[in-house]
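We have chain A; now place chains B and C onto it with these hints.
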Amino acid sequence: MTSQHLINLNTLTYNELDGLIKLAGEIKRHPARYIDACHGKVLATLFYEPSTRTQMSFQTAMLRLGGKVIGFDNPQTSSVAKGESLKDTVRVVSGYSDIIVIRHPLAGSARAASFFSKVPIINAGDGGHFHPTQTLTDLVTLKEEKGRITNLCIGLCGDLMNGRTVHSLISAMCSLEGNSFVLISTKQLSVPSYIKDMLNAAGAKYIEMNSLEEAMPMLDVLYMTRIQRERFGSDEEYERQKGVFVLDAKKMKRAKQDLRVLHPLPRVDEITVDVDDDPRAVYFEQTEYGMYARMALILEMTDNAVRTIKGAPKQTHATPCSNPHCITNTELYLPKLYREKYGIMTCRYCDERILER
Amino acid sequence: MTSQHLINLNTLTYNELDGLIKLAGEIKRHPARYIDACHGKVLATLFYEPSTRTQMSFQTAMLRLGGKVIGFDNPQTSSVAKGESLKDTVRVVSGYSDIIVIRHPLAGSARAASFFSKVPIINAGDGGHFHPTQTLTDLVTLKEEKGRITNLCIGLCGDLMNGRTVHSLISAMCSLEGNSFVLISTKQLSVPSYIKDMLNAAGAKYIEMNSLEEAMPMLDVLYMTRIQRERFGSDEEYERQKGVFVLDAKKMKRAKQDLRVLHPLPRVDEITVDVDDDPRAVYFEQTEYGMYARMALILEMTDNAVRTIKGAPKQTHATPCSNPHCITNTELYLPKLYREKYGIMTCRYCDERILER
Amino acid sequence: MTSQHLINLNTLTYNELDGLIKLAGEIKRHPARYIDACHGKVLATLFYEPSTRTQMSFQTAMLRLGGKVIGFDNPQTSSVAKGESLKDTVRVVSGYSDIIVIRHPLAGSARAASFFSKVPIINAGDGGHFHPTQTLTDLVTLKEEKGRITNLCIGLCGDLMNGRTVHSLISAMCSLEGNSFVLISTKQLSVPSYIKDMLNAAGAKYIEMNSLEEAMPMLDVLYMTRIQRERFGSDEEYERQKGVFVLDAKKMKRAKQDLRVLHPLPRVDEITVDVDDDPRAVYFEQTEYGMYARMALILEMTDNAVRTIKGAPKQTHATPCSNPHCITNTELYLPKLYREKYGIMTCRYCDERILER
Chain A
1 MTSQHLINLN TLTYNELDGL IKLAGEIKRH PARYIDACHG KVLATLFYEP STRTQMSFQT
61 AMLRLGGKVI GFDNPQTSSV AKGESLKDTV RVVSGYSDII VIRHPLAGSA RAASFFSKVP
121 IINAGDGGHF HPTQTLTDLV TLKEEKGRIT NLCIGLCGDL MNGRTVHSLI SAMCSLEGNS
181 FVLISTKQLS VPSYIKDMLN AAGAKYIEMN SLEEAMPMLD VLYMTRIQRE RFGSDEEYER
241 QKGVFVLDAK KMKRAKQDLR VLHPLPRVDE ITVDVDDDPR AVYFEQTEYG MYARMALILE
301 MTDNAVRTIK GAPKQTHATP CSNPHCITNT ELYLPKLYRE KYGIMTCRYC DERILER
Chain B
1001 MTSQHLINLN TLTYNELDGL IKLAGEIKRH PARYIDACHG KVLATLFYEP STRTQMSFQT
1061 AMLRLGGKVI GFDNPQTSSV AKGESLKDTV RVVSGYSDII VIRHPLAGSA RAASFFSKVP
1121 IINAGDGGHF HPTQTLTDLV TLKEEKGRIT NLCIGLCGDL MNGRTVHSLI SAMCSLEGNS
1181 FVLISTKQLS VPSYIKDMLN AAGAKYIEMN SLEEAMPMLD VLYMTRIQRE RFGSDEEYER
1241 QKGVFVLDAK KMKRAKQDLR VLHPLPRVDE ITVDVDDDPR AVYFEQTEYG MYARMALILE
1301 MTDNAVRTIK GAPKQTHATP CSNPHCITNT ELYLPKLYRE KYGIMTCRYC DERILER
Chain C
2001 MTSQHLINLN TLTYNELDGL IKLAGEIKRH PARYIDACHG KVLATLFYEP STRTQMSFQT
2061 AMLRLGGKVI GFDNPQTSSV AKGESLKDTV RVVSGYSDII VIRHPLAGSA RAASFFSKVP
2121 IINAGDGGHF HPTQTLTDLV TLKEEKGRIT NLCIGLCGDL MNGRTVHSLI SAMCSLEGNS
2181 FVLISTKQLS VPSYIKDMLN AAGAKYIEMN SLEEAMPMLD VLYMTRIQRE RFGSDEEYER
2241 QKGVFVLDAK KMKRAKQDLR VLHPLPRVDE ITVDVDDDPR AVYFEQTEYG MYARMALILE
2301 MTDNAVRTIK GAPKQTHATP CSNPHCITNT ELYLPKLYRE KYGIMTCRYC DERILER
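Residue numbers (my numbering), protein chains in the order written: chain A, 1 to 357; chain B, 1001 to 1357; chain C, 2001 to 2357.
Keep in mind that the hints are not guaranteed to be accurate.
[As the list claims (entries may be wrong)] BS3-like mimics (lysine-lysine), calculated; alpha carbons at most 25 Å apart, straight line:
1. B:Lys1314 to B:Lys1341
2. C:Lys2310 to B:Lys1028
3. A:Lys87 to C:Lys2250
4. C:Lys2314 to B:Lys1253
5. A:Lys146 to A:Lys28
6. C:Lys2253 to A:Lys87
7. C:Lys2314 to C:Lys2087
8. C:Lys2242 to A:Lys87
9. A:Lys187 to A:Lys205
10. B:Lys1314 to A:Lys251
11. A:Lys250 to B:Lys1336
12. C:Lys2087 to B:Lys1242
13. C:Lys2028 to C:Lys2146
14. A:Lys310 to C:Lys2028
15. C:Lys2087 to B:Lys1028
16. A:Lys310 to C:Lys2250
17. B:Lys1087 to A:Lys28
18. B:Lys1087 to A:Lys242
[Claimed, not checked] To spell it out: a stretch of chain B is covered by chain C in this simulated footprint if at least three of its residues, at any positions, have a beta carbon under 8 Å from a beta carbon of chain C; those stretches are:
19. 1059 to 1072
20. 1287 to 1300
[Said to hold, decoys possible] FRET-style restraints, in silico, Cβ to Cβ:
21. A:His39 to C:Gly2083: 36 to 44 Å
22. B:Ala1305 to A:Thr150: 32 to 40 Å
23. B:Arg1148 to A:Glu49: 51 to 59 Å
24. B:Arg1029 to C:Glu2016: 33 to 41 Å
25. C:Glu2177 to A:Asp351: 55 to 63 Å
26. C:Ser2322 to B:Met1218: 46 to 54 Å
27. A:His39 to B:Lys1205: 53 to 61 Å
28. A:His39 to B:Arg1148: 37 to 45 Å
29. C:Ile2309 to B:Gly1311: 49 to 57 Å
30. A:Thr13 to C:Glu2177: 58 to 66 Å
31. A:Gly147 to B:Tyr1194: 53 to 61 Å
32. A:His39 to C:Gly2019: 23 to 31 Å
33. A:Thr13 to C:Gly2083: 51 to 59 Å
These aren't lab readings, by the way, just hints derived from the structure by calculation. Every residue, glycine too, gets a C-beta built ideally from N, C-alpha and C.
Isolated chain A (complex conformation) (with noise of 0.2 Å):
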């Protein structure tokens, strides 16, 4: 890989993310051939906020390829996490391991952290941000379960507001060949301009519906994510409609042959365990996928990886973020830094639009 660090799926070129989505699909064929591929090598989990799931995927994957692992999982009782800068913390621990995982609840936290560590970073989640490895999963189930990424009809059903995986996914996707939209949820929850003017970009086909009953005969694909209760504007709102949005069997019965349903997982009820059986079903192989998937980014990224310490840059802009969730408004010693583009000023860590004061 070009880049040292993965703090967003976006950096990696073309070839490089399907040579990785290829590796995955080989370590899946040919478990035994990678079992000490990392020999001797250290993955350090730094979990700033807890997310049990992402941190056991990544931990399996690297002892899966004979690697070790060290690391946190609760800044409660962790005193590395209390009381250091994250620079400090990013440091010492980058001494110790070959490459790090960072998850932490704000955004812009990965990107810090790759200017001080010596290893790979690997961002597993900055705040509601970046999660790139999700995506990869992603890619990783589509391509082994449809046999391509290409020229599928992908429904996207829930939260399509703030469901960053969606988002993600979208991004990914868009611009391969082929690729064509359903874009299912309630009015509120639609998803924003933004992703709207990514896909008319792309040239994209999209539609967008507010019945998943109606969607699915058209889907080769359908990647169902939760509605949370309080995103409704009301309870009586939230009765009437969750229905509308929950996979079942019986909206089952309307799809392809062929389709293939994901989830990133935890579903709470979105999913009834009914379709659990139906082999259509792959959101739990999907958690598999994600596993290799990891096994080809940890190995890839490992190997022959260069120990330097990049820095923060020297120049900072007298201007804070105006982004309370911005890492930069925590750890003060970072410079403060912008893209500019069409003179809208965005900041570098959280790619949050800055507001002039």
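Okay, now just chains B and C, sitting in the frame of chain A:
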């Protein structure tokens, strides 16, 4: 082993049990031969209630076989345990691992888990219900320390009414040749009637006594357990009686030269520290035998394991289980399943008789 | 090593200490040679108080030697730490492991643990008492960065009264040839008189100063430590004085070109971030040396280790230790043991003089 999972020790045939006990001894004598026996395999510990002792024993067992360990130990900090069904968690983790050890506060949880797992499940305690590896540990200890698990006069002392380990040990040993039992407790804490029925049905000799001192000279084995203060009728009664059931150096003087003292640990004060240095006290060695017992079990269960999901039975009964601590009352998607014998319905998860309503 | 356990650094002979320091450097230069040096061995970390930093350093050290790690890190969630004596826990865990690292809030706990363990014990901090691997880390850092641990002018700055690491480093270095000490602190936080006695007895030169700026030009090594705000007489005094003991880029300009700056970490604000990029600042490298130091120690202590339980001494003194933070006042089965010198009784666990009552 004929069964894919180990929920309760009584599903093992005598030959399987005997094979495990012998293998544990073999590993103890030649640990170096097994140092890489599980190379490339992963054990997952799903601990829905903390039990550092049991978890550490399983972890060490797998690590000493050259395998790897993942898992969680604390439902409070585990996002996997929170807000996801047991089914989904087990299904996902069985995609990561080669064998799962589960500990859960509710009875029947291990059996429920076994429906949804691709890989073998070991029950490490489901509420006060079963804890088969503790009993396996006890049997390995007896075999190694006494040379046999037959023709033994076994004293059991303490809380015989509520002690799960006591009931399980009696159940495993009462049908073996020549074993007799001395049941030492207060009247209130004597063994439940179903245990006496079992002893009678097996034709095993037993007597009940209320003095440890008097029992000492006749014993080949003394299995001590904790009496919880709150089990006594009153504080005065506790103060009056507690010394009667405390093992100390003075009582040890009355015992045979080849007595062996066992205890499932942790002890509080039912064995005084002056007994620790007596070579007949083997409760610390017992924990080490427990590690070898678990190594034998993991080795046996992962060897040539078939990866299939059995699935939950399709039929379900209309009546819910009347035991509030049964897993079926929390995980509502589980089918209600009962055994009928002599007109009595017993829950197949928690083994409680249900009250028809 | 002649001693089975490492409770305090001063039980090592000079040759043993020198051997460890050299081995640490050797491992740093040729890590691949040691990648399987502890294959099949298990290290247990018993952390009765959380210290993620220290625990992670030990874990990484063992993993980089090809060994395995078990343990607990949080007495709140650990059922082992709760309701079981230190003796029983150590006895059990020493049956699982090949070496134990213990951290405990009470002084003397590591020595107490060493009585009951089959396997070597490493003290990773017993209250404010000893923390030998921090000092070993400091010595390895000096040897690697300065090429020697003799003939150095060593500045120590910050809280010299309460700083355990400072006392331990002075103790280790004052008797080595040609070392001199510059003690930089406020009057209230100057070194205790017993340290001055030690320096005088060793014939080591030292001066006390209250200005870091003035001290800078003469130093070969600067060892910075934290000053806790509450250590100052008043908030005004803290505000007036704190800058005096803060190391920044400006003060670095006055220093020698081959100065090395050490700090046991975590830092708060006693070193400004603009010092981090100065090549003379080696406090981050120091944590990496700490990992190599611990690798050397684990390797040395597990090599040909004898597995025997020493047992607690049989004799005991009538008087309890008057130090409320001594382990003997919590673990009551421990014999009371004292050393007598010049008519003064010193507790053999916590090294406090006892007050005869």
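Consistency of the hints with the structure:
For the suggested pair B:Lys1314 and B:Lys1341, the alpha carbons sit about 21 Å apart, so the restraint of at most 25 Å is met. Proximity of C:Lys2310 to B:Lys1028 is assessed by CA-CA distance (about 23 Å); at most 25 Å being required, the pair is judged to hold. Of the pairs offered as hints, the one joining A:Lys87 and C:Lys2250 holds, with about 22 Å between alpha carbons and a cut-off of 25 Å not exceeded. A threshold of 25 Å between alpha carbons decides the hint, and for C:Lys2314 with B:Lys1253 the separation of about 20 Å falls inside it, so the pair holds.
With a C-alpha separation of about 16 Å, the suggested pairing of A:Lys146 with A:Lys28 holds against the 25 Å cut-off. Simply put, C:Lys2253 and A:Lys87 have alpha-carbon atoms about 24 Å apart, close enough for the 25 Å limit, and the pair holds. Distance check on the hinted pair: C:Lys2314 and C:Lys2087 sit about 15 Å apart at the alpha-carbon level, within 25 Å; holds. Distance check on the hinted pair: C:Lys2242 and A:Lys87 sit about 23 Å apart at the alpha-carbon level, within 25 Å; holds.
Annotation: proposed proximity of A:Lys187 to A:Lys205 holds, straight-line Cα distance about 19 Å (limit 25 Å). About 21 Å separates the Cα atoms of B:Lys1314 and A:Lys251, which keeps this hinted pair within 25 Å; it holds. For the hint linking A:Lys250 to B:Lys1336, the alpha-carbon distance of about 24 Å falls within 25 Å, and the restraint holds. Taking the CA atoms of C:Lys2087 and B:Lys1242, the gap is about 23 Å. The hint holds against a cut of 25 Å.
Note on C:Lys2028 and C:Lys2146: the hinted pairing holds, with a Cα-Cα distance of about 16 Å set against a maximum of 25 Å. This hinted pair checks out: A:Lys310 and C:Lys2028 have alpha carbons roughly 23 Å apart, not beyond 25 Å. For the suggested pair C:Lys2087 and B:Lys1028, the alpha carbons sit about 24 Å apart, so the restraint of at most 25 Å is met. At roughly 24 Å between alpha-carbon atoms, A:Lys310 and C:Lys2250 fall within 25 Å of each other, so this suggested pair holds.
For the proposed pair B:Lys1087 and A:Lys28, the alpha carbon gap of about 24 Å is at most 25 Å, so the pair holds. A threshold of 25 Å between alpha carbons decides the hint, and for B:Lys1087 with A:Lys242 the separation of about 23 Å falls inside it, so the pair holds. With a threshold of 8 Å between beta carbons, the proposed coverage of the stretch 1059 to 1072 of chain B by chain C holds, since 5 of its residues qualify and at least three are required. Proximity of the stretch 1287 to 1300 of chain B to chain C, defined as three or more residues with a beta carbon under 8 Å from a beta carbon of that chain, is established by the 3 residues found.
For the pair A:His39 and C:Gly2083, the supplied restraint of 36 to 44 Å holds, since their beta-carbon distance comes to about 40 Å. Between B:Ala1305 and A:Thr150 the beta carbon distance is about 38 Å. The supplied range of 32 to 40 Å therefore holds. One distance hint, 51 to 59 Å for the beta-carbon pair B:Arg1148 and A:Glu49, holds here, with the actual separation near 54 Å. A beta carbon spacing of about 34 Å between B:Arg1029 and C:Glu2016 agrees with the range 33 to 41 Å that was offered as a hint.
About 59 Å separates the C-beta atoms of C:Glu2177 and A:Asp351, a value consistent with the hinted range of 55 to 63 Å. In this structure the supplied range 46 to 54 Å holds for C:Ser2322 paired with B:Met1218, their Cβ-Cβ distance being about 49 Å. Checked against the given bound of 53 to 61 Å, the beta carbons of A:His39 and B:Lys1205, roughly 57 Å apart, stay inside it. A C-beta distance of roughly 44 Å is found between A:His39 and B:Arg1148, which places it inside the suggested range of 37 to 45 Å.
Between C:Ile2309 and B:Gly1311 the beta carbon distance is about 50 Å. The supplied range of 49 to 57 Å therefore holds. The hint said 58 to 66 Å for the Cβ distance between A:Thr13 and C:Glu2177, and at roughly 59 Å that hint holds. Here the CB-CB span from A:Gly147 to B:Tyr1194 is close to 58 Å, well matched to the stated 53 to 61 Å. In this structure the hint that A:His39 and C:Gly2019 lie 23 to 31 Å apart at CB holds, the actual value being about 28 Å.
A beta carbon spacing of about 57 Å between A:Thr13 and C:Gly2083 agrees with the range 51 to 59 Å that was offered as a hint.
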